[in-house]
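S.K.: Dock chain Z against chain R, hints included.
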Amino acid sequence: MSTVNQEEMYDAIVVGTGISGGWAAKELCEKGLKTLVLERGRMVKHIEDYPTMNKDPWDFKFKGRLPREEKAKQLKQDRTGYTTNEATRHFFVNDLEHPYNETKRFDWMRGYHVGGRSIMWGRQSYRLSDIDFEANKNEGIAVDWPVRYKEIAPWYDKVEEYIGVSGENLGLPQLPDGQFGPPMELNCVEDHLKKNMAQNYKDRLLTIGRVAHITSTKTFDGRSSCQFRNRCARGCPFGAYFSSNSSTLPAAERTGNMTLRPFSTVYEVMYDDASGMATGVKVIDTETSEKMEFKAKVIFLCASAIASASILMQSKSDRFPNGMGNDSGELGHNIMDHHFKAGASGRYDGFEDRYYKGRRPNGLYIPRFRNIGGETDQESFKRGYGYQGGASRGDWSESVAELGYGKDLKEAITTPGDWRIGLTGFGECLPYHENKMTLDYDKVDKWGLPTITFDAEWKENEWEMRKDMVQQAVDMLTKAGFKDVEGYDDPGAPGLGIHEMGTARMGRDPKTSVLNGNNQVHTVKNVYVTDGAFMTSASCVNPSLTYMAFTARAAEHAAEQLKNGKFV
Amino acid sequence: MMNRRQALRNIGLGAGYVVAAPTLLSLLQSCKNDPSMEWEPVFMTAANGYALKQVLDVIIPTTDTPGASDVNIAQFIDSYMNEVAEDREQQEFQAGANAFAINFKNEFDKEIADGKPEEFDQMVAKYLGAEPDRREDLMDRLTAKQDPENPDIEIDTDAGSFGYLNTVRDLAIWAWKNSEQVGENVLWYDPIPGAQKGCIPLAEAGNGKAMSL
Numbered sequence: 001m002s003t004v005n006q007e008e009m010y011d012a013i014v015v016g017t018g019i020s021g022g023w024a025a026k027e028l029c030e031k032g033l034k035t036l037v038l039e040r041g042r043m044v045k046h047i048e049d050y051p052t053m054n055k056d057p058w059d060f061k062f063k064g065r066l067p068r069e070e071k072a073k074q075l076k077q078d079r080t081g082y083t084t085n086e087a088t089r090h091f092f093v094n095d096l097e098h099p100y101n102e103t104k105r106f107d108w109m110r111g112y113h114v115g116g117r118s119i120m121w122g123r124q125s126y127r128l129s130d131i132d133f134e135a136n137k138n139e140g141i142a143v144d145w146p147v148r149y150k151e152i153a154p155w156y157d158k159v160e161e162y163i164g165v166s167g168e169n170l171g172l173p174q175l176p177d178g179q180f181g182p183p184m185e186l187n188c189v190e191d192h193l194k195k196n197m198a199q200n201y202k203d204r205l206l207t208i209g210r211v212a213h214i215t216s217t218k219t220f221d222g223r224s225s226c227q228f229r230n231r232c233a234r235g236c237p238f239g240a241y242f243s244s245n246s247s248t249l250p251a252a253e254r255t256g257n258m259t260l261r262p263f264s265t266v267y268e269v270m271y272d273d274a275s276g277m278a279t280g281v282k283v284i285d286t287e288t289s290e291k292m293e294f295k296a297k298v299i300f301l302c303a304s305a306i307a308s309a310s311i312l313m314q315s316k317s318d319r320f321p322n323g324m325g326n327d328s329g330e331l332g333h334n335i336m337d338h339h340f341k342a343g344a345s346g347r348y349d350g351f352e353d354r355y356y357k358g359r360r361p362n363g364l365y366i367p368r369f370r371n372i373g374g375e376t377d378q379e380s381f382k383r384g385y386g387y388q389g390g391a392s393r394g395d396w397s398e399s400v401a402e403l404g405y406g407k408d409l410k411e412a413i414t415t416p417g418d419w420r421i422g423l424t425g426f427g428e429c430l431p432y433h434e435n436k437m438t439l440d441y442d443k444v445d446k447w448g449l450p451t452i453t454f455d456a457e458w459k460e461n462e463w464e465m466r467k468d469m470v471q472q473a474v475d476m477l478t479k480a481g482f483k484d485v486e487g488y489d490d491p492g493a494p495g496l497g498i499h500e501m502g503t504a505r506m507g508r509d510p511k512t513s514v515l516n517g518n519n520q521v522h523t524v525k526n527v528y529v530t531d532g533a534f535m536t537s538a539s540c541v542n543p544s545l546t547y548m549a550f551t552a553r554a555a556e557h558a559a560e561q562l563k564n565g566k567f568v
Numbered sequence: 001m002m003n004r005r006q007a008l009r010n011i012g013l014g015a016g017y018v019v020a021a022p023t024l025l026s027l028l029q030s031c032k033n034d035p036s037m038e039w040e041p042v043f044m045t046a047a048n049g050y051a052l053k054q055v056l057d058v059i060i061p062t063t064d065t066p067g068a069s070d071v072n073i074a075q076f077i078d079s080y081m082n083e084v085a086e087d088r089e090q091q092e093f094q095a096g097a098n099a100f101a102i103n104f105k106n107e108f109d110k111e112i113a114d115g116k117p118e119e120f121d122q123m124v125a126k127y128l129g130a131e132p133d134r135r136e137d138l139m140d141r142l143t144a145k146q147d148p149e150n151p152d153i154e155i156d157t158d159a160g161s162f163g164y165l166n167t168v169r170d171l172a173i174w175a176w177k178n179s180e181q182v183g184e185n186v187l188w189y190d191p192i193p194g195a196q197k198g199c200i201p202l203a204e205a206g207n208g209k210a211m212s213l
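In order, the protein sequence lines correspond to chains R and Z. Per the numbering used here, the first sequence starts with residue 1, numbered consecutively. Per the numbering used here, the second sequence starts with residue 1, numbered consecutively.
Think of the hints as simulated: they come from the structure by calculation, not from any bench. The C-beta atom is built at its ideal place from N, Cα and C for all residues, glycine as well. Mixed in with the good hints, there may be bad ones.
Claimed, not checked - For each label pair, taking beta carbons as the anchor points, the in silico distance ranges come out as:
1) R:Asp475 / Z:Gln181: 42 to 48 Å
2) Z:Val42 / R:Glu97: 29 to 35 Å
3) R:Thr478 / Z:Gln181: 40 to 46 Å
4) R:Met292 / Z:Ile192: 42 to 48 Å
5) R:Leu205 / Z:Glu118: 56 to 62 Å
6) Z:Glu131 / R:Asp353: 30 to 36 Å
7) Z:Gln90 / R:Glu48: 56 to 62 Å
8) Z:Asp87 / R:Gly222: 43 to 49 Å
9) R:Thr415 / Z:Glu136: 22 to 28 Å
10) R:Asp475 / Z:Val42: 50 to 56 Å
This is chain R alone, in the form it adopts within the complex (with noise of 0.2 Å):
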């Protein structure tokens, strides 16, 4: 890293440091771009700034939960119920400064530091398929995508070339395969339900989750394979999966073209009337609060969904009063999540004798059904889901009540209990107009900046498809056996997903949206938004692979364009 230049002109600047903001980092600086990355939060150093990577739960004062006083500064991102504890809070900010405002509630779980959330995400990745990118077009919903799977295909294979995903290939047109390490086991029970399913459903399979872990031998630079302990979300000392910390980053930083600068708040881009593009970010250095402006011939915003449609909507001029590339007044707009905990859980009688080992960083995963054609289709809800889940041995505190006290008591809790099985559905969100985020200008964060006023909701749809995501899990669980099986319905609200996205869609239309195919801002073109917020329609798959997968493919774009001269 070198120091930063406030007089220089980079050919690039790239706005976070998560998912997509490592990938553009990496593209390019790889493409030899001097590439200013800018960081809101503080520097997290790969494995030296994971804290707790190696604490068992007895190093924790209270075994990992937090004391009353401590939760209170992070109420909203305990909305999770797996976020502010002990291992990982200080990756999730402090609800007290970093406030929002929810017109309806909004579940807002952020990570303000290098490397954003791909430290603590799910990992969890899939393709979109054609059935995907269609849909919209197809249903006359919103718009349509620019992009078809064909498009994007190559940039998948690239992304999971590098990042190291497991997973099986199934064949599936409603889940592309892909280029995939070995696949993790399921357990017996798993596998009980899978054989079971593949006897009672021709529409329906059971498979072992996708994950960005490395379990092949290839080599990958400074990282290894999965060792299984499952504390990915506390940062991996192995980094057998993938971040930005230990991936994409340290990819960056190795060309020499990357000025990483942390504690750098991106409120603005500044933009040129005379040629018609932007010419830099204005950033509030929040440890000092001190102003400065960098300047670059491309910026590329990847500050998430949210985050980054907030950024264009401050970004005003005589040109777009109403925030950059707003033309359409579809900025803020549309915004989606993906609607789960809905499903059903069991217990499973038998295999008694059987166990597995290691701590799995992954689960069952049923891949959609609903909706692809033929029989699959729906009259009560359009779209569908995927189920994500898992079977695992309790402990037999379940039964306590039996177990009394004592001697039994302390044999029966140290021996592998029940086996229980929960599935929820992962389902798609509409995009609707109505979805909307706005800014509070009289609602100021403490470093003058507007606050975001969330107003978003499910409706009718995601509803409807709820009820099938409950019958269809408690029907499988069923007739595969299980017992005391319950179906349950929480449906937390909009962002509990922790796939907000969608704010600054593409499309075709300048007029109906606000980023090409190509995630260039149509009015702005050497402004390219590649996080969650170009998302034109959900899918029901998590959406990471495929932000990086358009990251490296906008960079490529961006890289070409700087060289035939179009972004002077």
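M.R.: Frame of chain R, contents of chain Z only:
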């Protein structure tokens, strides 16, 4: 200012939870500074802390593996209640401990602070060793909804004791399994598995012990 009755209603406790009357409380607190106590709790009264420790020795006794006392579970629960538990959980725990103390006094005609191990043994047996029918009855009484028109708290120290001991047991199991001695030496401690096997015979997996981490 909310009156006590209103406060109790807002807590929304079932009839089994009891906040002991002030006179009883003062009795229970009488040995707060008794120097004979080997450990002074920060959240609980000294007497209730003493009782908690005794009860834990019955629920998770020292055998060929460590017991509750060996891994300081009472101290852990007390500081957990002090620093981690939310208001409602704190109030319920305190009310439960008080119900148990009153119940103990009714049973043995002496203060809980003077209780002998065999007496705590009897109390634990009475509740955690109860037959299913009785457990169900106690659970019903514990979770019975209060009538908002008639918010007088019926002091059901019997159900309150049952609820308290269940809470103590749940916390104790969690704290015990996540203690270093148990986590590393009793359970199957495998900090870096290195490989994953989906389905193996139990005998080949940690000597038949449950996973620690």
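S.K.: A separate judgement is required for each hint: does it hold in the structure or not?
M.R.: Here is what the structure says about each hint:
Our hint of 42 to 48 Å for Asp475 (chain R) and Gln181 (chain Z) holds, since their Cβ atoms are close to 45 Å apart. Distance hint check for Val42 (chain Z) and Glu97 (chain R): the Cβ-Cβ separation is about 30 Å, which falls inside the suggested range of 29 to 35 Å. In this structure the supplied range 40 to 46 Å holds for Thr478 (chain R) paired with Gln181 (chain Z), their Cβ-Cβ distance being about 42 Å. Distance hint check for Met292 (chain R) and Ile192 (chain Z): the Cβ-Cβ separation is about 45 Å, which falls inside the suggested range of 42 to 48 Å.
With their beta carbons about 60 Å apart, Leu205 (chain R) and Glu118 (chain Z) fall inside the hinted range of 56 to 62 Å. Remark: the range hint 30 to 36 Å for Glu131 (chain Z) to Asp353 (chain R) is upheld by a beta-carbon distance near 31 Å. The hint said 56 to 62 Å for the Cβ distance between Gln90 (chain Z) and Glu48 (chain R), and at roughly 39 Å that hint is violated. Hint check: Asp87 (chain Z) to Gly222 (chain R), Cβ distance near 48 Å, so the stated range 43 to 49 Å holds.
In this structure the supplied range 22 to 28 Å holds for Thr415 (chain R) paired with Glu136 (chain Z), their Cβ-Cβ distance being about 26 Å. Checking the proposed 50 to 56 Å range against Asp475 (chain R) and Val42 (chain Z) shows it holds: the Cβ atoms sit about 51 Å from each other.
This entry does not satisfy hint 7, going by the numbered hints stated previously; all others are met.
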